[in-house]
Amino acid sequence: MAQLGTIRRLDIAQLGFDEDRMPYSDGVACVQAYWAYSMDLSQGERDNMRNLILNHNYRHTVASREEFYEHRLCRDPAGRTRQGLILLRALYKAVPVDFENGVVARCGHLPVRNRSDEYFTLFPDTVGPPVFDMDTDRARRYQQRYPLLKVTPSTLRNRDQADVPAPQTTPSPTIPPASPTESSPVPASPVMETDFEEISASPPVLPVPENVMQSPSATTEANSPVTRQEFDQLCSEVATLAENVSMLQRAFERQRERRREQRREIRRQIRREIRRGLRRVRRR
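Residue 65 is where the sequence shown starts when you use the working numbering, and the numbers rise one by one after that.
For the record, the hints were derived by calculation from the structure and aren't laboratory data. Please note that a few of the clues may not be correct.
What the hints assert, rightly or not - Capping the alpha-carbon separation at 20 Å, the derived lysine to aspartate or glutamate pairs in DMTMM-like fashion look like this:
| # | residue 1 | residue 2 |
| --- | --- | --- |
| 1 | Lys214 | Glu164 |
| 2 | Lys214 | Glu83 |
| 3 | Lys214 | Asp201 |
| 4 | Lys214 | Glu329 |
Keep in mind it's a predicted model, so treat the numbers as computed, not measured.
The task is simple: from the sequences and hints, build the whole structure.
This is the structure in structure tokens:
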């Protein structure tokens, strides 16, 4: 007979971030995934998922924003589990089929039923996430730059709008037993990866072009002064250009590293073939 499990509470406030920090929105998405799907995990998987969130294992690096397999959860055994896959699906719009199939083959299928309402019944005073106005140029540029990501940081919100709390609707902490066929979770292990400094999604600080600092008569038609809107548009275009250049540089570095790895692999294969040939010669 399967033992009954107990779900532990997890609040957004336990993340330790406020909405002016880049990891905040990713953490909120992971907490919401815990509310929705943790009840259908085994007790060990639930606890491990909660620890992954509280230990901030969901945090992005510069590379993981552009490449799924660069995320620490993809490389850490704790991430190649059902609970790790749930978190990755909360962070990325799509998970590679081979990665998901590998987790399902080892650990079983993922929960599909959203049980947030039952969680809120257990913990009726749960505070939901604030609702932000994300209709800003900075948010759109971020989404264009990182098309793989599902979450847009709250740091890019419209700050003129007051934060609106999310509507609340939200079980005795005893929940239905987990399926006996569920596999044991992999314990969370510390992430031994150098954490990159949070990147700022704000446009980079750039030198102001010379023509902006010239007199209005030299920079505008009909000798009219430059408007704030025109100035902001120019700065936005310069920032976008700088971002594109930066993206090209990173793409070039990744391509160069792939070529280095290919050359290393070719050398390894050659050495293996030489060793095999020598062994065959010795046998003769």
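Now for the hints, and whether the structure bears them out:
1. Restraint check for Lys214 and Glu164: the C-alpha separation of about 17 Å stays at or below 20 Å, so the hint holds.
2. Distance restraint check for Lys214 and Glu83: the Cα-Cα separation of roughly 17 Å lies within the 20 Å cut-off, and the hinted pair is therefore satisfied.
3. At roughly 17 Å between alpha-carbon atoms, Lys214 and Asp201 fall within 20 Å of each other, so this suggested pair holds.
4. For the hint pairing Lys214 with Glu329, the CA-to-CA distance comes to about 34 Å; that exceeds 20 Å, so the pair is violated.
Comparing the model with each earlier hint shows a violation of hint 4 alone; every other hint is respected.
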